[in-house]
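> So the protein sequences, as listed, match chains A and B.
Counted the way this note's numbering counts, the first sequence spans residues 3 to 492.
Counted the way this note's numbering counts, the second sequence spans residues 3 to 492.
Treat the hints loosely; a few may be bogus.
Each pair may be met inside one copy or between any two copies, as identical chains are not told apart.
Claimed, not checked - Simulated crosslink set (EDC-like; lysine to aspartate or glutamate; CA at most 16 Å straight-line): (1) Lys353 x Glu171; (2) Lys431 x Asp306; (3) Lys431 x Asp67; (4) Lys472 x Glu427; (5) Lys431 x Asp38; (6) Lys167 x Glu180; (7) Lys271 x Glu414; (8) Lys472 x Glu275; (9) Lys431 x Glu35; (10) Lys353 x Asp398; (11) Lys472 x Asp411; (12) Lys353 x Glu294; (13) Lys271 x Asp202; (14) Lys167 x Glu371; (15) Lys492 x Glu294; (16) Lys460 x Glu394; (17) Lys472 x Asp306; (18) Lys472 x Glu294; (19) Lys492 x Glu237; (20) Lys472 x Asp38.
No wet-lab data here; the hints were simulated from the structure.
There are 2 protein chains.
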Amino acid sequence: MFEQYDLTRKVSDEEYERIFPDLAARFGRLQREARDLDLPVIIAADGWNLSGISTMLHQFILSLDPRLYSYYAVSAPNREEEARPFLWRFWLRTPAAGRMTIFDRSWYSRLTAEFMRPEDNSVPDRSLREIVRFERQLTDAGVVVVKLFLHISRDEQAQRIERIKQEPEATILIDGHEDVRLEHYDLYLPIFEEMIAGTDAPNAPWTVVEAHDRNFTVIKGMSTVVHALERAIRERRSTVVPRYPAPMQPPSEKRLVLPDPTKHSLSKKEYQEEIDRYGRQITELQYALYQERVPLIVVYEGRDAAGKGGVIMRLTRRLNPRICQVEPVGPPTEDEARHHYLWRFWRDLPKKGHVSIFDRSWYGRVLVERVEGLSSPAEVERAYGEINEFEEAIVDWGAVLVKFWLHIDRDEQLRRFIDREEDPERQWKITPDDWRNRSRWEIYAASVAEMLERTDTKTAPWTVISSNDKRYARVESLRTIVDAVERALK
Amino acid sequence: MFEQYDLTRKVSDEEYERIFPDLAARFGRLQREARDLDLPVIIAADGWNLSGISTMLHQFILSLDPRLYSYYAVSAPNREEEARPFLWRFWLRTPAAGRMTIFDRSWYSRLTAEFMRPEDNSVPDRSLREIVRFERQLTDAGVVVVKLFLHISRDEQAQRIERIKQEPEATILIDGHEDVRLEHYDLYLPIFEEMIAGTDAPNAPWTVVEAHDRNFTVIKGMSTVVHALERAIRERRSTVVPRYPAPMQPPSEKRLVLPDPTKHSLSKKEYQEEIDRYGRQITELQYALYQERVPLIVVYEGRDAAGKGGVIMRLTRRLNPRICQVEPVGPPTEDEARHHYLWRFWRDLPKKGHVSIFDRSWYGRVLVERVEGLSSPAEVERAYGEINEFEEAIVDWGAVLVKFWLHIDRDEQLRRFIDREEDPERQWKITPDDWRNRSRWEIYAASVAEMLERTDTKTAPWTVISSNDKRYARVESLRTIVDAVERALK
Numbered sequence: 003m004f005e006q007y008d009l010t011r012k013v014s015d016e017e018y019e020r021i022f023p024d025l026a027a028r029f030g031r032l033q034r035e036a037r038d039l040d041l042p043v044i045i046a047a048d049g050w051n052l053s054g055i056s057t058m059l060h061q062f063i064l065s066l067d068p069r070l071y072s073y074y075a076v077s078a079p080n081r082e083e084e085a086r087p088f089l090w091r092f093w094l095r096t097p098a099a100g101r102m103t104i105f106d107r108s109w110y111s112r113l114t115a116e117f118m119r120p121e122d123n124s125v126p127d128r129s130l131r132e133i134v135r136f137e138r139q140l141t142d143a144g145v146v147v148v149k150l151f152l153h154i155s156r157d158e159q160a161q162r163i164e165r166i167k168q169e170p171e172a173t174i175l176i177d178g179h180e181d182v183r184l185e186h187y188d189l190y191l192p193i194f195e196e197m198i199a200g201t202d203a204p205n206a207p208w209t210v211v212e213a214h215d216r217n218f219t220v221i222k223g224m225s226t227v228v229h230a231l232e233r234a235i236r237e238r239r240s241t242v243v244p245r246y247p248a249p250m251q252p253p254s255e256k257r258l259v260l261p262d263p264t265k266h267s268l269s270k271k272e273y274q275e276e277i278d279r280y281g282r283q284i285t286e287l288q289y290a291l292y293q294e295r296v297p298l299i300v301v302y303e304g305r306d307a308a309g310k311g312g313v314i315m316r317l318t319r320r321l322n323p324r325i326c327q328v329e330p331v332g333p334p335t336e337d338e339a340r341h342h343y344l345w346r347f348w349r350d351l352p353k354k355g356h357v358s359i360f361d362r363s364w365y366g367r368v369l370v371e372r373v374e375g376l377s378s379p380a381e382v383e384r385a386y387g388e389i390n391e392f393e394e395a396i397v398d399w400g401a402v403l404v405k406f407w408l409h410i411d412r413d414e415q416l417r418r419f420i421d422r423e424e425d426p427e428r429q430w431k432i433t434p435d436d437w438r439n440r441s442r443w444e445i446y447a448a449s450v451a452e453m454l455e456r457t458d459t460k461t462a463p464w465t466v467i468s469s470n471d472k473r474y475a476r477v478e479s480l481r482t483i484v485d486a487v488e489r490a491l492k
Numbered sequence: 003m004f005e006q007y008d009l010t011r012k013v014s015d016e017e018y019e020r021i022f023p024d025l026a027a028r029f030g031r032l033q034r035e036a037r038d039l040d041l042p043v044i045i046a047a048d049g050w051n052l053s054g055i056s057t058m059l060h061q062f063i064l065s066l067d068p069r070l071y072s073y074y075a076v077s078a079p080n081r082e083e084e085a086r087p088f089l090w091r092f093w094l095r096t097p098a099a100g101r102m103t104i105f106d107r108s109w110y111s112r113l114t115a116e117f118m119r120p121e122d123n124s125v126p127d128r129s130l131r132e133i134v135r136f137e138r139q140l141t142d143a144g145v146v147v148v149k150l151f152l153h154i155s156r157d158e159q160a161q162r163i164e165r166i167k168q169e170p171e172a173t174i175l176i177d178g179h180e181d182v183r184l185e186h187y188d189l190y191l192p193i194f195e196e197m198i199a200g201t202d203a204p205n206a207p208w209t210v211v212e213a214h215d216r217n218f219t220v221i222k223g224m225s226t227v228v229h230a231l232e233r234a235i236r237e238r239r240s241t242v243v244p245r246y247p248a249p250m251q252p253p254s255e256k257r258l259v260l261p262d263p264t265k266h267s268l269s270k271k272e273y274q275e276e277i278d279r280y281g282r283q284i285t286e287l288q289y290a291l292y293q294e295r296v297p298l299i300v301v302y303e304g305r306d307a308a309g310k311g312g313v314i315m316r317l318t319r320r321l322n323p324r325i326c327q328v329e330p331v332g333p334p335t336e337d338e339a340r341h342h343y344l345w346r347f348w349r350d351l352p353k354k355g356h357v358s359i360f361d362r363s364w365y366g367r368v369l370v371e372r373v374e375g376l377s378s379p380a381e382v383e384r385a386y387g388e389i390n391e392f393e394e395a396i397v398d399w400g401a402v403l404v405k406f407w408l409h410i411d412r413d414e415q416l417r418r419f420i421d422r423e424e425d426p427e428r429q430w431k432i433t434p435d436d437w438r439n440r441s442r443w444e445i446y447a448a449s450v451a452e453m454l455e456r457t458d459t460k461t462a463p464w465t466v467i468s469s470n471d472k473r474y475a476r477v478e479s480l481r482t483i484v485d486a487v488e489r490a491l492k
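Turn these sequences into a full structure, and let the hints steer you where they fit.
Written out as structure tokens, the structure is:
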């Protein structure tokens, strides 16, 4: 593939002086237009060692408003990053609406490292698949993704290594492994080709930039970005973004077929025995998880007053608070709302060996946001697949994922609402919203049915727990987690 | 000091069963009340190695709503943290309004490490001073700070080391240096005494907990927290928080005595020469900064249209984007507004060897927030000292700090506003707010005068630049930075 590129291409200094100022001004204008349109933009520049990525990007940003972009120079992951899935740090740096992130090297650097040293043959393939999904999820949500690959020959690289060692920038640009990488040039060549071929999608295409000549590199790189932005802005302008609240969607044909939640119950004595038994087990198992560096992620979903808080407390009190964290999920903050809706859940993933407990979760998209018309029908529709991909990514990473639907019926909810209202200690738990949600029981039920049907995958199955009896629900939740962890630890 | 504590104190199991449930329920109730009152709470637990800090804290959280607190187990700083001032990671974890952070070990761990291995005799004293300031700034802003020190004898520690090695928790609790620490028990003793004596302030008092008996430890520790919360809640309830907008304060007697901003100017030719000269110098110096791991922090303040954006661009285009970041400072986000106002500036400090450029800054507190009545007079008054302390902390850390006031007069601002309105490329730069701010020129001037007077310290002096002539301002800014960096690098 690389042979098709003519590395002798050049732009003379006069030509450059003629073209560049205009191009740069256009770029600056487009950045502001993107801001006004709330368009998020990613520029990912990758390429051979010493191919001049930073030099090119430096020219890019001359014309940009520094308040509207972030620059992220990718190096080896730090301890925090190492303990998370490999896309974690990139997800965290995806731009908010109207902002731009410039990646100086990108998620592809990790991919090539894997290709070179495959610990496990399936890893590069899996990473490739995850990268494709990552980019698609972003572009589906309206992010513009521009990917540039700077290509130089082996000889050119060799010359640059000699030259750069004399320069003051060497402190920033050189890490001492240049000669080794040069030696491996011919090994990397097919890897880069495979990588580019495998990730060159219409939504996030690659542009290979012939990078022997600095002027040519800047002009071709910047033109690519400028054209991509112009196209994206044109499209955005011509799209009428429908303003939903299409407040709530009518109940679908689907009906929630769930076990009768009154069927199971435990006596106080049974409860005490079982909760102690499973509680002790989970306390022990957490140390094994910690030692094996296996992360545990537990998701609790359920109606208002289904008992999520109580169940979660029965779990957390058995865990060492040093390694466990509860993430209460409410409406997104200002900042969260300006990112992809999965952004905050990526952010809140536990470290390896730690536990994250989600009190409500990413399923909000297909439950409350759907029912309240806070997301468009297209966004909701897309979410099922995105959620399945997200969960697959975290399970592939090595996490134990347990998802609970705490199931109560309408009468039980009413009893609990009334109890809460009468108890001064717990009045705070009940709000007018709860009563309002209750009035939409059936509409909500249809969303739950569809959620359970479409996101109950082999990788990440749902556990529905009859929760009219709190004791039963608490034991059942602990028991399920113990089983899942034991299975994972073999 | 430690000898006054009777380490034989115990609570029998029966007593514990009688006292604990009530105490825990009170604690849970207080947590919710603190939430309702938007009261932020810090619980910092420190003490001897294996004194049972986690065990005690685990009992604390049994009664807490896990959605309202964060638990932070302090270990050695990671790479990101190592590259920042030592309080950085603690600042970042200070609780938002209505939330609680539980520190399992705290900023004091670092302090004792310094006392043990003073690289430089001034370091522990400086850290001690910074800790006192840190706690005072937090409590001044209404944060409740409870500090517990768990005390055990040398013999007790020795026994626990033997016992714990057999337990499954060992994987989390033991790091292999237990025996060394035991050996140093007698060295630590006077250090702990000095540390406690030096930081036992009325706003953030220490409570030493005799920690041989687990029951006693939990009861005394939790009672301390419960009483502190009750007191704080009572005080908060009895304080009438005055609702300002006391929209803007009348111009004080002070008048801005600043150089005539029309006095300096540069011809195009002079400009080109000088900007190139200093530009080249700063490009070179950044590599020295990077190599010496000296962080550079540049602050730009000035009226609307004073030319901050242009000056910043002339600086950033000379810097490698890998090591430099522009922080545009606007109104705080939702989340930022729920923290101490310095929180976000701590967060945005550069790593060692990197550059942070603040486009507006922490001075907003005594400028726009003051003029617009967004902060109370007491908060503004307090801010001058807090800012001086903040800047002293970052300079002590080793940063080069350069603060600019870009000075234009009223006529020049008008000319620029009109220019902007007439230029389609730059219309976006001007908003109705700008015209409104302009109408308060004199009131704003008084705030600027007071700011310059009260925050122009030896550690962190202001540089006022005549900015009616943009060329002069741009050169002068670069020149000042070059000088400051050269001085810092000797």
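> Determine for every hint whether it applies to the structure shown.
These are the hints, each one checked on the structure:
Proximity of lysine 353 to glutamate 171 under the C-alpha cut-off of 16 Å is found in neither arrangement, the shortest distances being 35 Å within a copy and 18 Å between copies. Within a single copy, lysine 431 and aspartate 306 get their C-alpha atoms as close as 10 Å, which meets the 16 Å cut-off; across copies the closest is 47 Å, which misses it. In this homomeric assembly, lysine 431 and aspartate 67 come within 16 Å of each other (Cα to Cα) only across copies, at 11 Å, whereas the closest approach inside a single copy is 46 Å. In this assembly of identical chains, the alpha carbons of lysine 472 and glutamate 427 never lie at most 16 Å apart, being 18 Å within a copy and 63 Å across copies at closest.
Within a single copy, lysine 431 and aspartate 38 get their C-alpha atoms only as close as 40 Å, which misses the 16 Å cut-off; across copies the closest is 12 Å, which meets it. For a Cα distance limit of 16 Å, the shortest separation of lysine 167 from glutamate 180 inside one copy, 10 Å, qualifies, whereas the shortest one across copies, 46 Å, does not. For the identical chains of this complex, lysine 271 and glutamate 414 are neighbours neither inside a copy (23 Å) nor across copies (82 Å), given an alpha-carbon limit of 16 Å. For the identical chains of this complex, lysine 472 and glutamate 275 are intra-copy neighbours only, at 15 Å inside a copy versus 78 Å across copies, given an alpha-carbon limit of 16 Å.
In this assembly of identical chains, the alpha carbons of lysine 431 and glutamate 35 lie at most 16 Å apart only when taken from different copies (13 Å versus 45 Å within one copy). Within a single copy, lysine 353 and aspartate 398 get their C-alpha atoms as close as 15 Å, which meets the 16 Å cut-off; across copies the closest is 33 Å, which misses it. Taking CA atoms no more than 16 Å apart as the test, lysine 472 paired with aspartate 411 passes inside one copy only; the shortest distance there is 13 Å, against 70 Å between copies. In this homomeric assembly, lysine 353 and glutamate 294 come within 16 Å of each other (Cα to Cα) only inside a single copy, at 12 Å, whereas the closest approach across copies is 32 Å.
Within a single copy, lysine 271 and aspartate 202 get their C-alpha atoms no closer than 61 Å, and across copies no closer than 49 Å, so neither meets the 16 Å cut-off. For the homomeric pair lysine 167 and glutamate 371, neither the shortest alpha-carbon distance inside one copy (56 Å) nor that between copies (50 Å) is at most 16 Å. In this assembly of identical chains, the alpha carbons of lysine 492 and glutamate 294 lie at most 16 Å apart only when taken from the same copy (12 Å versus 50 Å across copies). Proximity of lysine 460 and glutamate 394 under a CA criterion of 16 Å is satisfied intra-copy only: 10 Å inside one chain copy versus 57 Å between copies.
In this assembly of identical chains, the alpha carbons of lysine 472 and aspartate 306 lie at most 16 Å apart only when taken from the same copy (14 Å versus 60 Å across copies). Taking the shortest Cα distances, lysine 472 and glutamate 294 never come within 16 Å of each other, neither inside one copy (33 Å) nor across copies (61 Å). Proximity of lysine 492 to glutamate 237 under the C-alpha cut-off of 16 Å is found in neither arrangement, the shortest distances being 52 Å within a copy and 55 Å between copies. Taking the closest pair of Cα atoms, lysine 472 and aspartate 38 never come within 16 Å of each other, the shortest separation being 51 Å inside a single copy and 27 Å across copies.
The structure fails hints 1, 4, 7, 13, 14, 18, 19 and 20 (numbered hints given earlier, in ascending order).
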